[in-house]
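A.B. asks: Below, each chain spelled out in residue letters.
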Amino acid sequence: MTNETRRLRDHPLVQLTLVRYREFFREPEAVFWVFVFPVLLTAGLGIAFRNQAPERTPVAVVERGAASASVVEALARSPDLLASALPEAAAADALRTGRVALVVVPGAASDTAEYRFDSERPESRIARLLVDDALQRAAGRRDPIGVADRRVSEPGSRYVDFVVPGLLGMNLMGSGIWGLGFAIVDARRKKLLKRLIATPMSRVQFLASFVLSRLTLLVIEVAVLVGFAVLAFGVPLRGSVASLVIICLLSALSFAALGLLLASRARTVEGVSGLMNLVMLPMWIFSGVFFSASRFPDALQPFIQALPLTAVNDALRASMLEGAGWARLAPEIGIIGAWLLLSFALAVRLFRWR
Amino acid sequence: MTGPASSAPSLLVRGLRKRYADVVAVDGLDLEIRAGECFGLLGPNGAGKTTTIEICEGLTEPDEGEVLVLGRRWGEHDRELRELLGISLQETQFSEKLTVEETVRLFRSFYRQGPSADEVIGTVQLQEKRAGRVGQLSGGQRQRLALACALVGDPALLFLDEPTTGLDPQSRRQLWDLIERFKADGRAILLTTHYMEEAERLCDQVAIVDHGRQIALGTPRELVASLSAEHVVEFAASPGVPVSEDGLRQVDGVEAAVRRDDTYRVRVAELHRTVPALLAELRRQGVQLTELRTHSATLEDVFVELTGRHLRDQ
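Chains as they are written, first to last, in the numbering used here: chain X, 3 to 356; chain P, 14 to 327.
One chain only, chain X, in its complex shape:
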């Protein structure tokens, strides 16, 4: 080792940051929750909600001799329908319980039929169109326009595309708040904070070491999750890499500041856990991680939009899925920045070293 690198290694900020890495990587559970769990969750959700070929819509045909057989045959030619002949009572029962979307009652004459369905049910209304189309064509209708179907699945509009930015946001929040909160409260409980301030250690450097280690771990965290989502599911990255990097950096700092604030007074790990869950739970629910925040009533929206995780998720989605530019991202970045400044200012004011 040269003198230069030795001097650098023995710089207090480097030593403090090394301690942060050592404590993190020597705790296998923490490594799992930060790096492995989000990938597993993405994989699970991506597989569970993958877009499948549309299923055939089940319909019933009431048994009435030869008429019903020809109706079933006509419907079977449609790729979108699954027709079965049932006695009248059984057909009514199947409709009522939702096992079929519609019941066809062949008429006394071969050129009449009756459709029984509930027009409130979307799949019944679709079945009505499909069944009618199939029967009219079988009876010889010719369509005036020749059309061709081409199925497309557009990356960016699938559930996995929606959920990956949400999981990234949730992960930034969790590792920021947990990462800082537990470490600081544990050091306070062990009287290690008190011992440290009895040395000439700079308090700014102590806090900076948390920020520095968070930011470097963040690079791995984001790269692993986004890399996996892009490679395994083709999740798009339409915005600039710079915007993604800035959003992640700012979010990580903001949640780290929030973690610092939550840990500023607590004396026990149990105490700070409760506080952290209290703060994070509403955001898990309201901030649009797994489903859109717009599902909540309008009266709640001002509160929801002010939450840091909502802003983070919206910004990540706008950048990754819509390729939004800085102007479009400005309001979210403003909210995240405001949380950063507010939490940090309050944390510095409230922080107890002993």
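Note that these hints are calculated values from the structure, not bench results. Some hints could be false.
Claimed, not checked - One side only, chain X facing chain P, incomplete, derived with CB under 8 Å: (1) H13; (2) Q17; (3) R24; (4) R28; (5) P30; (6) E31; (7) A32; (8) K192; (9) K193; (10) L194; (11) K196; (12) A200; (13) R205.
What the hints assert, rightly or not - No farther apart than 20 Å at their CA atoms in a straight line, the calculated lysine to any residue pairs in the SDA-like style are these: (14) X:K196 x P:E96; (15) P:K110 x X:P30; (16) X:K192 x P:T112; (17) X:K196 x P:W87; (18) P:K110 x X:T19.
Where a beta carbon is used, it is the ideal one built from N, C-alpha and C, also for glycine.
Following the hints, position chain P against chain X.
C.D. replies: Using the frame of chain X, we list chain P on its own:
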């Protein structure tokens, strides 16, 4: 020692007071520690020792009083003082996931000058545990790690708050050897303890504190000599026959007699003269002895004499 440097006290405390919500922790304490001296604060739990030492360390604000550390004041020269002091707090737990070397290196990085991490680890005899995790250390080894972290800045003044509490006798003796070497290096030391033996072995000056006040001050020898009786006779009597303490006090050569449950402590100046007379008196009272012991008077006896209580009563 001569010259102005050695005559200025390493620590000067005048009229120190600190009160917490419902209790007065320190109630007008004066201390003076000269360079190269080991000063012991001796007292039971709750006597105000830790509050006093933490005020001197600049970790707690006093309500009243003056504290001059190495000629400097807290609030004026904090950064400078932090460089000059070595501190071992009561019950600090270092991060269990770090190794001994990583911990010492971390603390070393905070100081502008001082011995290398390796040297300090050698001084406290933890070379074999250098790469071991702190979580795997014994109580004595952890205390030695705490001393190592106190030494990394080559301090002129060491504050050691109960450095051997809870240790087995062998680890305790090992720590005493280390502390004696710090003294030999010319460092001033302020030590709190509730172990008599520790104060007697290590300290040049001892202040006995109780309820936040100093109740005696001197060298261990002076304090013991102040009892004007260098020996203590302890005996236990079979119950039934009450022992007359006044009777005991009238025996020639008895300085004091105190009863505690079924045991009696009698301080005497000269064992060979007084013990036979004492036994004769007990026989006269018809008392049946079940136990009889003598020892040289210690600081413990001073404490009992001054407060009527034992140091480790609580």
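A.B. asks: Which of the numbered hints above does this structure break?
C.D. replies: 5, 6, 7 and 13
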